Amino acid sequence: MIAQAVILQNDSLLMVRQYVHRGDIVWNFPGGGIEINETPEMACIREVKEETGIEVKGLYLIHEQNKKYTYLITKFEGQIKLDKDNKDNEDIIEVKWISQKGINYLDSYTKPIMDIVSKKLKLKTS
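Numbers 20 to 145, taken from the numbering used here, label the letters of the sequence shown in order.
For the record, the hints were derived by calculation from the structure and aren't laboratory data.
As the structure is a computational prediction, the values presented were derived from the model and not from experiment.
Each computed BS3-like pair below joins lysine-lysine, with the alpha-carbon atoms no more than 25 Å apart:
id, residue 1, residue 2
1, LYS120, LYS139
2, LYS76, LYS138
3, LYS130, LYS68
4, LYS76, LYS115
5, LYS115, LYS68
6, LYS139, LYS76
7, LYS138, LYS120
8, LYS120, LYS130
9, LYS138, LYS115
Construct the entire structure; sequences and hints are all you get.
Structure representation (structure tokens):
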């Protein structure tokens, strides 16, 4: 199982650019594997901290697909300091706020997730 966070701030989404197992470089939502005795929410909070250096609260489930992937979201305001030098995940290349209107270039792995999120949240992506 995997837990990912869709993190909104004003008109932007927090994304991580990273290497994936198939050798590609992709933009993903922060997240990763759920460990033994860990809830999807706990995994999401941990993975976001590892990948971005920020702490999140107020998560809620917005989509679950075949109990294999869980998508979580938090909405918050305020200044966020990103820890781009975090070594917990060496596959992370960049952490960046991306405008909702500028996310149309997502790869084939992330785009279906964004489509689900956009419908549920009625985001303006075009």
